[in-house]
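Engineer: Now for the letters of each chain:
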Amino acid sequence: MTKVSHLGTASRPLASTLALALALAPTTLLAQDAPAFKLGVVSFLSGGASGPFGVPSRNAAELIVDAINKGTLPAPYDTIGFAGTLVEPLFADEASKNVVADYQKLVQKDEVDGIVGYNSSGSCVAIAPEVEKLETLTVLSACGTSQIFEEIVTEPKYLFRAASHATMDNVAAARYVVEHTPEVVEKLSDIAGINQNYSWGFDSWRDFSASIQVLKEDVEIANEQFPKIFAGQYGAEISALLTARADVVHSSFWGGDLEALVIQGAGRGLFGRTQMVLTSSDTAIHRLGRQIPDGTIIGARGSYSIYAPQSELNDWFRQAYYDRYGVYPVHPAYQMANAVLGMKAAADKAGVGTEEAIIANLKGLSYEGPGGIVDMALADGHQAITGSAYGTYKFDTETGLGTVENIVTYKAECINPPADLTSQEWIKGGFVGADCE
Amino acid sequence: MTTTVAIILDGFGFAAWLFLSSVGLTLIYGVMRILNISHGGFYALGAYSAAWAVGLYTQTGNTIALTYLIIPLAAIIVGTLTGLLVERGLLRFMYGHEEVLMVLVTYAVFLILEDATKLIWGTESYVAYQPAYWLGTIDVAGIPYTIYKFLIIGIALAVGAGLYWGLNRTRAGKLLLVVIHDREVSAALGINVTLFFTVTFVIGTTLGALGGALTAPEISVVPGIGAEVIVMAFAVIVIGGMGSVGGAMIGAVIVGFARALSVHLYPPIEMFSIYLVMAMVLAIKPYGLFALAEGRKI
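Protein chains in written order, with our numbering: chain L, 315 to 751; chain D, 4 to 301.
Quick caveat, the hints were computed from the structure, so don't treat them as lab data. Quick reminder that beta carbons are idealized off the backbone N, C-alpha and C, glycines included. Do not rely on the hints blindly, as some may be mistaken.
Unchecked claim - Each pair of labels, with its calculated beta carbon distance range:
#1 L:Tyr512 x D:Tyr167: 38 to 48 Å
#2 L:Ile687 x D:Val143: 50 to 60 Å
#3 L:Gln738 x D:Met283: 44 to 54 Å
#4 L:Thr711 x D:Leu160: 34 to 44 Å
So here's chain L without its partners, still in its complex pose (with noise of 0.2 Å):
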């Protein structure tokens, strides 16, 4: 206002001009003369979450930031900014010894209008009830325990999920063998998992254990294995999946120790000898190609990468992803763009770029992603719930390149648990009201 008071007695030509300029492109001008919504985005830049996790949520970031900024994104996100207002990331590493003290700084010194990340399920834990401490809007990205908004912050305000939680990927890894799988089920009487000793871990296994029983009875538990995360050796838990004989083997592993038990685990012959369920296994891929046995099914934390349905933000991402960085986005990074487009969408809605206004708008929202709808339907509007997809493995000889074949696709009202009960309470009662059709 006072810049056009000012332009009022200034020569008239100049005046006109820059009228015509304002007329031309109103929102350019808005969005750089508003200060910038200063965006933190954390995920593991560092270790052995890195590449596989935390450079692919950062790389996604980077390119949704960088359109959102330019405007150049697909409808219904081709405006710039955060309804005019431009984003100014600022990237930080995931892979520190205290994420709580990392998340303050980036809080308190470095002033940040909200964050976005987090891949870890440790990470998200530690964090959460520091979040509605510091009132500081985050919409986490990725990590998977349903701990967050089931037992850590179970009223919260500041705190958005944009991913859903591990829930969803076990119950549809459990419905995938049970249903599509005639000559497992056939024979099934006995599982085992493999799972990290964590949050992510222990959540996975539980939810999926609980699931095949509930789906199919007399199944029993033969072993189960928690070794410590990164610890890249797992011959003794090979040698005790292959003596326990069970019939599916259950893994959450991601990343490294992922890639590590495929090597190990295939070439001593266990995948050939159980099926193998691999619920976070996409970003392995195009690292092992032909390692991976045929048959092993194969999950991506949602309809994302090899299952991503076609859209023209889904043709955009993955375009725009593989020209930039020379790879396609992996799980990972869909999600990363899923929280950052749900803050773009939650402040487009309300015609406003600031903080209240997202938190306000986000919360119960429904939204396109590159992977599908993301709909804000649980914990009150703060969780995020997805659809997903789960399918079989096939090395393609020709190509040189690995496959899936035999995709399954679920409706996230199938596979997650409705707003009024916890996973457990869910999964034990038989998934009331899952609606599968």
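Let chain L serve as the given structure and place chain D on it in line with the hints.
Structural biologist: Here is chain D on its own, set in the frame of chain L:
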């Protein structure tokens, strides 16, 4: 029966990896009184260089057999050159300082090596599984084991025997034992202690790199593997007695079997078992099982 056999083989298999990963650490401590935290960085350098070299070689389509030469060669080159650089370029200026300061110095070197590996090889994982698969598997009590695992056990035994022979049956080894026992007296007797320090450090770092290089075919080589190994290696040499090569071997066997027993019999305590054993040993022998005797100076 099957479980018993599995415990024995898994115990020795894990012990072999532990010994190869920790023997360089204990050797350096024994001679130089430096707890070399950067050992994990050398392990990672060895793993990356071997995985990278094997990856390049296998793309040529030539026989996999040659990778068994490439792996130690990569470790020797990277371990020797980097070890020399660190010792001649930094550590020699720090000798005589307190052990705690040297821990901080080597920790700084570790961080530099971590970033250097990321700078050279990026954050993507490297897999070089071909040598681990090529030899095939053998069934023992119905459980398949890779022959490569037995090769690792054999190499660990050979390294242990080689070090024993080198230290006890050669002139240089005997002189090194004198240096380990008392640096000042050794120097007074005309032994070139500085040269022994340099050689020992380079041997130690090369052994660290060899541990990583031999492990590379079995794992996914990713950033951070060095930090994981240093914790386990430290537990092994504390149990065995810091500075004792024989102690490292016994410590590795104890930890290997503690882990194998827990995994097969009671998995929930697997993570805890290693530290439980360490606590039990230290409660009885506070300086480890085979701690070097300290001469009392008057």
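Engineer: Does each hint fit the structure? Answer for all of them.
Structural biologist: Okay, the hints, checked on the actual structure:
1. L:Tyr512 x D:Tyr167: 38 to 48 Å: Holds, at about 40 Å.
2. L:Ile687 x D:Val143: 50 to 60 Å: Given a distance of about 52 Å, which is inside 50 to 60 Å, the answer is holds.
3. L:Gln738 x D:Met283: 44 to 54 Å: violated, 37 Å
4. L:Thr711 x D:Leu160: 34 to 44 Å: Roughly 40 Å apart at Cβ, these two residues keep to the hinted range, so it holds.
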